[in-house]
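**Q** Now for the letters of each chain:
2 protein chains.
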Amino acid sequence: MGLLLDTALGKKCERTPIWLMRQAGRYMPEYRAVREKFSFLEMCMQYENAVEVTMQPIDILDVDAAILFSDILTPLIPMGFDLKFYEGRGPVIHNPIENAEDVSRVVVPDVKKGSDYVYDALSAIRKKLSPEKDLIGFSGAPFTVASYAIEGGSSKNYLKIKTFMYTQPKAYDELMNKIAEMTCYYLLEQFKAGAQIVQIFDSWGGVLSREDYLKYSHPYTVKIIDFIKKETGGKPVIHFVKGANAYFDSVADSQADVLGTDWTLPLNVAKDLCNNSRVLQGNLDPASLFSNKEILADKLELIREQAKGLKGHIFNLGHGIMPKTPVENVKFVVDTVKSWRNN
Amino acid sequence: MGLLLDTALGKKCERTPIWLMRQAGRYMPEYRAVREKFSFLEMCMQYENAVEVTMQPIDILDVDAAILFSDILTPLIPMGFDLKFYEGRGPVIHNPIENAEDVSRVVVPDVKKGSDYVYDALSAIRKKLSPEKDLIGFSGAPFTVASYAIEGGSSKNYLKIKTFMYTQPKAYDELMNKIAEMTCYYLLEQFKAGAQIVQIFDSWGGVLSREDYLKYSHPYTVKIIDFIKKETGGKPVIHFVKGANAYFDSVADSQADVLGTDWTLPLNVAKDLCNNSRVLQGNLDPASLFSNKEILADKLELIREQAKGLKGHIFNLGHGIMPKTPVENVKFVVDTVKSWRNN
Numbered sequence: 001m002g003l004l005l006d007t008a009l010g011k012k013c014e015r016t017p018i019w020l021m022r023q024a025g026r027y028m029p030e031y032r033a034v035r036e037k038f039s040f041l042e043m044c045m046q047y048e049n050a051v052e053v054t055m056q057p058i059d060i061l062d063v064d065a066a067i068l069f070s071d072i073l074t075p076l077i078p079m080g081f082d083l084k085f086y087e088g089r090g091p092v093i094h095n096p097i098e099n100a101e102d103v104s105r106v107v108v109p110d111v112k113k114g115s116d117y118v119y120d121a122l123s124a125i126r127k128k129l130s131p132e133k134d135l136i137g138f139s140g141a142p143f144t145v146a147s148y149a150i151e152g153g154s155s156k157n158y159l160k161i162k163t164f165m166y167t168q169p170k171a172y173d174e175l176m177n178k179i180a181e182m183t184c185y186y187l188l189e190q191f192k193a194g195a196q197i198v199q200i201f202d203s204w205g206g207v208l209s210r211e212d213y214l215k216y217s218h219p220y221t222v223k224i225i226d227f228i229k230k231e232t233g234g235k236p237v238i239h240f241v242k243g244a245n246a247y248f249d250s251v252a253d254s255q256a257d258v259l260g261t262d263w264t265l266p267l268n269v270a271k272d273l274c275n276n277s278r279v280l281q282g283n284l285d286p287a288s289l290f291s292n293k294e295i296l297a298d299k300l301e302l303i304r305e306q307a308k309g310l311k312g313h314i315f316n317l318g319h320g321i322m323p324k325t326p327v328e329n330v331k332f333v334v335d336t337v338k339s340w341r342n343n
Numbered sequence: 001m002g003l004l005l006d007t008a009l010g011k012k013c014e015r016t017p018i019w020l021m022r023q024a025g026r027y028m029p030e031y032r033a034v035r036e037k038f039s040f041l042e043m044c045m046q047y048e049n050a051v052e053v054t055m056q057p058i059d060i061l062d063v064d065a066a067i068l069f070s071d072i073l074t075p076l077i078p079m080g081f082d083l084k085f086y087e088g089r090g091p092v093i094h095n096p097i098e099n100a101e102d103v104s105r106v107v108v109p110d111v112k113k114g115s116d117y118v119y120d121a122l123s124a125i126r127k128k129l130s131p132e133k134d135l136i137g138f139s140g141a142p143f144t145v146a147s148y149a150i151e152g153g154s155s156k157n158y159l160k161i162k163t164f165m166y167t168q169p170k171a172y173d174e175l176m177n178k179i180a181e182m183t184c185y186y187l188l189e190q191f192k193a194g195a196q197i198v199q200i201f202d203s204w205g206g207v208l209s210r211e212d213y214l215k216y217s218h219p220y221t222v223k224i225i226d227f228i229k230k231e232t233g234g235k236p237v238i239h240f241v242k243g244a245n246a247y248f249d250s251v252a253d254s255q256a257d258v259l260g261t262d263w264t265l266p267l268n269v270a271k272d273l274c275n276n277s278r279v280l281q282g283n284l285d286p287a288s289l290f291s292n293k294e295i296l297a298d299k300l301e302l303i304r305e306q307a308k309g310l311k312g313h314i315f316n317l318g319h320g321i322m323p324k325t326p327v328e329n330v331k332f333v334v335d336t337v338k339s340w341r342n343n
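Protein chains in written order, with the numbering used here: chain C, 1 to 343; chain A, 1 to 343.
No wet-lab data here; the hints were simulated from the structure.
There could be a bad hint or two in this list.
Sample of chain C residues at the chain A side, in silico, Cβ under 10 Å [what the hints assert, rightly or not]:
#1 Gly-153
#2 Ser-154
#3 Lys-156
#4 Leu-159
#5 Thr-163
#6 Tyr-166
#7 Asp-212
#8 Ala-246
#9 Asp-262
#10 Trp-263
#11 Asn-283
#12 Leu-284
#13 Pro-286
#14 Ala-287
#15 Ser-288
#16 Leu-302
Facing chain C, according to a computed beta carbon distance under 8 Å, are these residues of chain A, among others [stated by the list, open to error]:
#17 Ser-155
#18 Tyr-158
#19 Leu-159
#20 Tyr-166
#21 Gly-206
#22 Arg-210
#23 Leu-214
#24 Asn-245
#25 Thr-264
#26 Leu-265
#27 Pro-266
#28 Val-269
#29 Asp-285
#30 Ser-288
#31 Ile-295
#32 Leu-302
Quantities reported herein were computed from a predicted structural model and do not represent experimental measurements.
Idealized CB from N, CA, C, for every residue including glycine.
Starting from the given sequences, assemble the full structure and let the hints guide the process.
**A** Structural data, given as structure tokens:
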């Protein structure tokens with residue numbers, strides 16, 4: 001058990017743990033060397049590949065935790081969705097949900113079925129990791145996963161899922177419950193395989209107004225967190241909703257141990273909004289990694305300042321690392337944060 | 001002088017004024033009938049077209065104000081940018097700023113030069129409008145306009161402008177000052193031509209962290225607002241920064257009379273963040289116009305509730321109306337809001 005887990009569980013630690021969303025990725029030459037030989041889905045679904053690239057940021061950056069290399073959308077495949085990834089276009093679902101009837105064909109797969117490679121990878125990674133490095137599993141939040149299932153891919157204004165949730169409330173609820181049920185077992189099996197903490201990514205929850213977030217996204221994530229807490233005896237959960245910043249108090253209303261913040265929600269503001277009841281994770285703008293060490297040093301110092309007095313702080317970016325990020329700047333951030341000492 | 005102006009200037013009015021961002025647009029069959037015959041730029045730059053479509057929502061919806069039909073990017077043309085609009089792709093700038101040297105070729109045009117059609121349209125519209133309907137002029141905020149000038153069009157993560165502002169601070173400042181200077185005179189001439197209030201759109205300011213917003217966007221907008229206040233003897237200004245919600249207190253730090261809010265910033269939260277020092281404008285999610293009257297009625301009631309006790313409230317959407325929005329739902333919103341009475 002390492003610093004990440006200790007901090008997530010509310011213990012005071014000697015320093016702030018750090019990991020980075022999408023820390024295994026295209027910005028790293030070592031990743032690109034593997035990626036050249038395999039498609040993105042083969043990287044996720046051939047577990048030897050997933051293990052190899054998951055370990056890269058541990059070996060190269062010496063971050064405090066490994067996060068399984070995968071994608072929030074792969075569990076849609078055993079649910080019956082035809083998911084493909086295209087270069088420069090991202091994920092495409094070729095049979096998206098277009099009407100209420102389509103929801104009835106969505107399968108809730110048997111536990112483990114179709115996602116064995118995830119659990120195999122987690123077991124193998126946990127064996128390779130030294131004990132002080134923690135292992136993070138993850139899933140998408142049902143709203144974010146459903147947005148792809150309904151939009152058919154990335155979206156500019158989320159009009160299809162919003163129209164669907166407003167006009168087909170029963171079918172929407174059925175779809176969300178199916179995704180939530182799948183996710184409960186998907187995350188539970190990840191814990192059984194070796195994950196010690198999980199993050200639930202609601203990457204697009206912030207496109208909703210507060211009342212819509214509370215009606216159409218939050219309850220389904222809460223169901224998953226409640227299930228995980230009960231079935232694992234309280235293992236830690238990180239809940240990250242990007243952009244839901246003006247109503248972060250509503251996001252905080254769950255059993256999640258850690259709340260993620262993006263760079264537009266200053267940590268001191270987030271602290272006040274949740275009454276300092278949660279450990280916070282974040283929140284450097286990944287675009288700032290394209291600046292230089294002087295600017296980065298200032299930004300890190302500001303985050304350190306804003307994190308003072310928090311119940312706990314896990315350093316991270318506010319979103320995933322981007323493809324052409326200079327590796328030396330990433331190393332500078334990791335080394336700087338690891339040099340901080342809490343007193 | 002109508003309800004919009006009175007409310008913006010802090011007077012208590014018998015009812016909440018309403019106008020809608022992009023109220024003249026593709027969702028209206030009357031607009032599409034004109035648009036069939038002209039390109040998007042011809043719609044903006046042939047002032048008879050701009051006048052015709054600007055008047056449509058007044059005649060059809062009976063909203064309380066007209067806003068000039070135009071685009072925030074057209075003033076980039078006399079600055080030397082090669083701006084085109086393509087169907088389904090939006091704006092493209094074929095000679096974007098790629099390095100510090102490119103900034104020196106950016107022209108600050110003589111007052112009026114190259115934008116005469118805007119002032120001609122405003123004069124003609126003011127003559128056509130009945131006295132109780134107010135006329136709104138507008139511009140982009142320098143950060144948002146510069147994002148197109150540097151990215152070359154719409155952007156997903158604003159990486160080019162962020163990299164430019166971090167790594168070329170002097171050239172960035174020079175570019176922003178040129179855009180701000182142009183905008184000062186662009187808005188002043190709009191007032192002279194007949195506009196009674198202006199809105200400055202910082203549509204993408206919310207992609208910045210608080211400290212970056214305060215360094216790279218806010219000061220340039222403040223310069224414009226200060227100039228307008230001084231030169232017009234205090235004519236009203238609406239400042240709308242989309243997404244900068246967790247640091248709305250920082251946005252509020254200017255002489256703007258009215259602050260725009262998007263649907264992820266509840267009006268009661270915004271009120272507290274600016275100590276109720278400003279009239280607020282907003283903030284229905286434009287996607288909710290794709291629902292039905294029952295849902296819309298609930299959402300309108302919630303906004304009315306959240307607006308209680310505000311210094312003043314101008315009803316609007318949280319962003320522009322989308323192309324396929326059902327006109328009957330827009331009418332329902334306008335009629336409902338106009339039926340409210342303040343007591």
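**Q** Next, verify each hint and record whether it holds.
**A** Going through the hints against the structure:
1. Taking 10 Å as the C-beta contact cut-off toward chain A, the hint placing Gly-153(C) at the interface is violated, the least distance being around 13 Å.
2. With its C-beta approaching chain A no nearer than about 9 Å, Ser-154(C) sits inside the 10 Å limit, and its interface hint holds.
3. A least Cβ separation of about 9 Å between Lys-156(C) and chain A falls short of the 10 Å threshold, and the interface hint therefore holds.
4. Against a cut-off of 10 Å between C-beta atoms, the interface hint on Leu-159(C) holds, since the closest Cβ of chain A lies about 5 Å away.
5. A hinted interface residue such as Thr-163(C) counts as satisfied when its beta carbon comes closer than 10 Å to some beta carbon of chain A; here the least separation is about 4 Å, so the hint holds.
6. The beta carbon of Tyr-166(C) comes within 3 Å of a beta carbon in chain A, closer than 10 Å, and the hint placing it at the interface holds.
7. A cut of 10 Å between beta carbons decides the hint on Asp-212(C): the least distance to chain A is about 7 Å, and the hint holds.
8. Here the hint on Ala-246(C) is kept, as its CB sits about 4 Å from the closest CB of chain A, short of 10 Å.
9. Among the interface hints, the one on Asp-262(C) holds; its C-beta lies about 9 Å from the nearest C-beta in chain A, closer than the 10 Å criterion.
10. Nearest Cβ of chain A to the Cβ of Trp-263(C): about 4 Å, under the 10 Å cut. The hint holds.
11. Contact between Asn-283(C) and chain A, as hinted, is supported at the beta carbon level, the nearest pair being about 8 Å apart and thus within 10 Å.
12. Checking Leu-284(C) against chain A: minimum C-beta separation of about 9 Å stays under 10 Å; hint holds.
13. The beta carbon of Pro-286(C) comes within 8 Å of a beta carbon in chain A, closer than 10 Å, and the hint placing it at the interface holds.
14. Because the closest C-beta pair between Ala-287(C) and chain A is about 4 Å apart, less than 10 Å, the hint holds.
15. Hint status for Ser-288(C) relative to chain A: holds, with the closest Cβ pair at about 7 Å, below 10 Å.
16. A distance limit of 10 Å between C-beta atoms decides the matter here; for Leu-302(C) the minimum to chain A is near 6 Å, and the interface restraint holds.
17. With a least beta-carbon distance of about 11 Å to chain C, the hint placing Ser-155(A) at the interface is violated under the 8 Å criterion.
18. Hint status for Tyr-158(A) relative to chain C: holds, with the closest Cβ pair at about 7 Å, below 8 Å.
19. For Leu-159(A), the shortest C-beta to C-beta distance to chain C is roughly 5 Å, which falls under 8 Å, so the interface hint holds.
20. Satisfaction of the interface hint for Tyr-166(A) is found here, the shortest Cβ-Cβ separation to chain C being roughly 3 Å, below the 8 Å cut-off.
21. A least Cβ separation of about 6 Å between Gly-206(A) and chain C falls short of the 8 Å threshold, and the interface hint therefore holds.
22. The restraint placing Arg-210(A) at the interface with chain C holds, with a minimum CB-CB distance near 5 Å, inside the 8 Å limit.
23. Interface hint status for Leu-214(A): violated, as the beta-carbon distance to the closest one in chain C is roughly 11 Å, over 8 Å.
24. Look at Asn-245(A): its Cβ gets to within about 4 Å of chain C, closer than 8 Å, so that hint holds up.
25. Using the Cβ-Cβ criterion of 8 Å, the hint placing Thr-264(A) at the interface with chain C is satisfied: the shortest such distance is roughly 6 Å.
26. Interface hint at Leu-265(A): satisfied, since its Cβ lies 4 Å from the closest Cβ of chain C, which is below the 8 Å cut-off.
27. Look at Pro-266(A): its Cβ gets to within about 5 Å of chain C, closer than 8 Å, so that hint holds up.
28. Against a cut-off of 8 Å between C-beta atoms, the interface hint on Val-269(A) holds, since the closest Cβ of chain C lies about 5 Å away.
29. For Asp-285(A), the interface hint holds, since its Cβ comes within 8 Å of a Cβ in chain C; the closest pair sits about 5 Å apart.
30. With its C-beta approaching chain C no nearer than about 7 Å, Ser-288(A) sits inside the 8 Å limit, and its interface hint holds.
31. With 8 Å as the threshold, the beta carbon of Ile-295(A) comes within range of chain C, its nearest partner Cβ sitting at about 5 Å, so the hint holds.
32. Taking 8 Å as the C-beta cut-off, the interface hint given for Leu-302(A) holds, the closest approach to chain C being about 6 Å.
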